[in-house]
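Chemist: Protein chains in written order, with our numbering: chain A, 247 to 350; chain B, 3 to 395; chain C, 25 to 332.
Misleading hints may appear alongside valid ones.
Here are the simulated lysine to any residue pairs, SDA-like style, with alpha carbons at most 25 Å apart [what the hints assert, rightly or not]:
| id | chain 1 | residue 1 | chain 2 | residue 2 |
| --- | --- | --- | --- | --- |
| 1 | B | 7 | B | 46 |
| 2 | C | 287 | A | 329 |
| 3 | C | 120 | B | 197 |
| 4 | C | 318 | C | 291 |
| 5 | C | 254 | A | 315 |
| 6 | C | 287 | C | 316 |
| 7 | C | 115 | B | 192 |
| 8 | A | 331 | C | 257 |
From the derived model, a few chain C residues whose C-beta atoms are all more than 10 Å from chain B [as the list claims (entries may be wrong)]:
| id | residue |
| --- | --- |
| 9 | 115 |
| 10 | 172 |
| 11 | 284 |
| 12 | 317 |
These are computed hints drawn from the structure, not numbers from a lab.
Just so it is clear, the structure is predicted and the values come from calculations on it, not from any experiment.
Even for Gly, the Cβ is constructed at its ideal location relative to N, Cα and C.
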Amino acid sequence: MKKETWKELTIGTINLEAGNSVKNLTGTWRSGHKPEFIEEHCIQCFFCWLYCPHFAILVEDGEVKGINYDYCTGCGMCAEECPSKEKSIVMVKEEVKLAEGGTE
Amino acid sequence: MSTLKTLNGNQTIAEAVRQVDPDVMAAYPITPSTAIVETIAKFKADGLISGEFVCPESEHSAMSVCIGAASAGGRVMTATASQGLALMWEMLYIAAGLRLPIVAGIANRALSAPINIHGDHSDTMGARDAGWIQIYSENCQEAYDNFIQAFRIAEHLDVRTPVLVGLDGFIISHSMEVVQVEGDEKIKDFVGEYQSVYPLLDTSRKITVGPLDFTDYYFEHKRNQMAGIENAPGVIQQVGKEYGEKFGRYYGFFEEYRMEDAETCIVVMSSAAGTCKDAIDELRNEGKKIGLLKPRIFRPFPAKEIALALKGTRAVAVLDRSACPGAFGAPLFTEIRNALYDYDPRPKVVNYVYGLGGRDIKVEHFKDVAEKLDKIAETGKVEEIYGYLNLRE
Amino acid sequence: MVKLKDLAQMEDRLVAGHGMCLGCGIPLIFKVVLRATEDPLVIANATGCLEVCTTIFPRTAWNVTWIHSAFENAASTIAGVEAMYNALKRKGKIPKDKTIKFLGTGGDGGTYDIGLQALSGTMERGHDVVYLCYDNNAYANTGGQRSSATPLGASATTSPAGTHSPGKLQWRKDLTKILTAHNIPYVAQASPSRWQDLYNKAKKAFEVEGPAFLNVLCMCPTEWKYDESKGVELAKIATDTCVWPLYEVENGKYKLNYKPKEKKPILEWIKPQGRFRHLFKEENAWVLEEFQKKVDEEWEELNRLASI
Numbered sequence: 247m248k249k250e251t252w253k254e255l256t257i258g259t260i261n262l263e264a265g266n267s268v269k270n271l272t273g274t275w276r277s278g279h280k281p282e283f284i285e286e287h288c289i290q291c292f293f294c295w296l297y298c299p300h301f302a303i304l305v306e307d308g309e310v311k312g313i314n315y316d317y318c319t320g321c322g323m324c325a326e327e328c329p330s331k332e333k334s335i336v337m338v339k340e341e342v343k344l345a346e347g348g349t350e
Numbered sequence: 003m004s005t006l007k008t009l010n011g012n013q014t015i016a017e018a019v020r021q022v023d024p025d026v027m028a029a030y031p032i033t034p035s036t037a038i039v040e041t042i043a044k045f046k047a048d049g050l051i052s053g054e055f056v057c058p059e060s061e062h063s064a065m066s067v068c069i070g071a072a073s074a075g076g077r078v079m080t081a082t083a084s085q086g087l088a089l090m091w092e093m094l095y096i097a098a099g100l101r102l103p104i105v106a107g108i109a110n111r112a113l114s115a116p117i118n119i120h121g122d123h124s125d126t127m128g129a130r131d132a133g134w135i136q137i138y139s140e141n142c143q144e145a146y147d148n149f150i151q152a153f154r155i156a157e158h159l160d161v162r163t164p165v166l167v168g169l170d171g172f173i174i175s176h177s178m179e180v181v182q183v184e185g186d187e188k189i190k191d192f193v194g195e196y197q198s199v200y201p202l203l204d205t206s207r208k209i210t211v212g213p214l215d216f217t218d219y220y221f222e223h224k225r226n227q228m229a230g231i232e233n234a235p236g237v238i239q240q241v242g243k244e245y246g247e248k249f250g251r252y253y254g255f256f257e258e259y260r261m262e263d264a265e266t267c268i269v270v271m272s273s274a275a276g277t278c279k280d281a282i283d284e285l286r287n288e289g290k291k292i293g294l295l296k297p298r299i300f301r302p303f304p305a306k307e308i309a310l311a312l313k314g315t316r317a318v319a320v321l322d323r324s325a326c327p328g329a330f331g332a333p334l335f336t337e338i339r340n341a342l343y344d345y346d347p348r349p350k351v352v353n354y355v356y357g358l359g360g361r362d363i364k365v366e367h368f369k370d371v372a373e374k375l376d377k378i379a380e381t382g383k384v385e386e387i388y389g390y391l392n393l394r395e
Numbered sequence: 025m026v027k028l029k030d031l032a033q034m035e036d037r038l039v040a041g042h043g044m045c046l047g048c049g050i051p052l053i054f055k056v057v058l059r060a061t062e063d064p065l066v067i068a069n070a071t072g073c074l075e076v077c078t079t080i081f082p083r084t085a086w087n088v089t090w091i092h093s094a095f096e097n098a099a100s101t102i103a104g105v106e107a108m109y110n111a112l113k114r115k116g117k118i119p120k121d122k123t124i125k126f127l128g129t130g131g132d133g134g135t136y137d138i139g140l141q142a143l144s145g146t147m148e149r150g151h152d153v154v155y156l157c158y159d160n161n162a163y164a165n166t167g168g169q170r171s172s173a174t175p176l177g178a179s180a181t182t183s184p185a186g187t188h189s190p191g192k193l194q195w196r197k198d199l200t201k202i203l204t205a206h207n208i209p210y211v212a213q214a215s216p217s218r219w220q221d222l223y224n225k226a227k228k229a230f231e232v233e234g235p236a237f238l239n240v241l242c243m244c245p246t247e248w249k250y251d252e253s254k255g256v257e258l259a260k261i262a263t264d265t266c267v268w269p270l271y272e273v274e275n276g277k278y279k280l281n282y283k284p285k286e287k288k289p290i291l292e293w294i295k296p297q298g299r300f301r302h303l304f305k306e307e308n309a310w311v312l313e314e315f316q317k318k319v320d321e322e323w324e325e326l327n328r329l330a331s332i
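Make the full structure from the sequences, and use the hints.
Modeler: See below:
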């Protein structure tokens, strides 16, 4: 990513691009575990969405559809808080890939 | 309509505030600037100003309120002195870094310890690297004129940098003087409408103000900030000229008094310059070729212009109303001596610290300095580069 | 009653790609609170975890108008923004029908300690702002130093447990009570584990005219040292042990929002957290006793206040 010269920056240390942190893929932080979504068990309670600190639960058309691994850090709170009779999110082992940097 | 009013320095600042009617005024009372805050509060209570007056619980919060308000998008002022300015320290740098055109009236006062409420420049000189434009006033009239011009300078789109206007504590802040107060409409017209740049209250933009920089951006942002104060000199001159055309009182970077054929020169700022003028008149009557240079703008420092004004003299004494412990001379001296370095021939330059904690400086003290300058000019030798005036040795 | 499904479909005002820790409680709090008003919002954020992790230039995780100026002055900064809003509205520069809400926020360092004076001033002056403290019991951003919100007996880097010390020796400051003493219209204590309660409180805080204060417990796996997947559970235990009671004070009237059916012993709160590990040494038994005693006393006092 090309970095601005001092002349190109907005005055007053302001960032004009709201929410551009979505380019930071925090999913690269995962180390060994990832949640797996089992749709047929899901009761659409949205607790996983609520308790995901990294905004990694995919919601489409008003339904939880799965995990966005671009952002999931593998903390496991979604699986822990999943209340369905048979867990609809379980933590599974993941082979660690050495990522190149944390942003796209 | 222009009228003559008998006002002290604090009242002139408050009067200017009433006329400019900033959107938010936030200030905490402290001697000797208390009356500025009180008078604004009374104006507000009497419905004479339409902006918001906020009376925070400390100067740190006063400047923080100013920062929030200026970022929100509107005209903002404050006033303080001494320990109050010191408590604002952290936020002064942030106001400048965020490029917020806040205008502050500072009734210059000594810093503790020991605690002392009287006039010297230790407070604003300590803030000289905070990124603020600094304007110093000789008397109540200048305080009024400077304060009004400060809004135009600070808010200019090429500048967007906070400005502080100094007036000596008690000597100016509490001394009554006949002041030419211009008409309300004329002042409003001169200052003009405030133009917002990235205001928070334009919530459609969702901007992030004041983010965190790592090593890859901090330097560029700081350099970007410096461009604002670097653009100030042209604006200061333009505003000073326009003010003169409108109201008959012209302003530049500094005032030269009887400098036309001067061989020696005293450089002194603020109220002491008035006394110095009397001394210069007496010395001129005695046939001495001496003049005064009174800096008005200390930041950005008009180095080239001052050097050009001084380079033809043989000896210069720079008088500082603040000390700089451990440094090679006090702030004004180091700037001026530095500015002259590239000129050849150049005058000898010496430094005298005077007036700390409100200690008087009288005509006789300037005459002593003139005598020393004569000796330096005659011999080309400096015996003492740094000294003190009116101090019990 | 609001449904999570509906909240999930609202636009995120804090978005993905922020740098907060695995299992951090802060985003959970803000996910709910920032949905409790649909009005435009300006946030002033104190220096701290949230500020640092969301705004590393040239990225920002804020999809809402946001400002940071310093550590101790989020309350004064948001007060300034609100003052300008009032001025410009009065002068007709902001349309009469436009409403903007204002939120100041900081951690316990920026709120209980260094920012307490600015917060007190802003509340006393009656600015129409909400202030939210995310209380993670430590200066987490700088590596876990003690704050006045750090619990008795917790080992923090500036109140470390050692052969001659059981960790922090003092009981925590009751900031919610201090804010209550400001006689502002709304004060509440909440937890991200009870999202509905948190949502309701945030909504009230935004809607009330005048200052409102929310003190929200914020789990911090990094400094509390527990299995990060257990954060929500731990926050629930905090309310079930009455270590962190959920209550609100509306115009001076206390109301308990959650009474555990069976008040659990503090050990359930303490055991999972590494910062309390040393308390199980024989010589530190008194700390556990003292801890339970203080929690009991405070819970009793709170019940008394709520019954008035």
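Chemist: All hints, please: hold or fail.
Modeler: Do the hints match the structure? See the list:
1. 7(B) x 46(B): holds, 20 Å
2. 287(C) x 329(A): Holds, because 23 Å separates the two Cα atoms, which is no more than 25 Å.
3. 120(C) x 197(B): holds, 20 Å
4. 318(C) x 291(C): holds, 13 Å
5. 254(C) x 315(A): holds, 21 Å
6. 287(C) x 316(C): holds, 11 Å
7. 115(C) x 192(B): Answer holds: residue 115(C) to residue 192(B) is near 19 Å, not above 25 Å.
8. 331(A) x 257(C): holds, 18 Å
9. 115: violated, 6 Å
10. 172: holds, 19 Å
11. 284: holds, 38 Å
12. 317: Holds: least Cβ distance 35 Å, greater than 10 Å.
In this structure, the one hint that does not hold is number 9.
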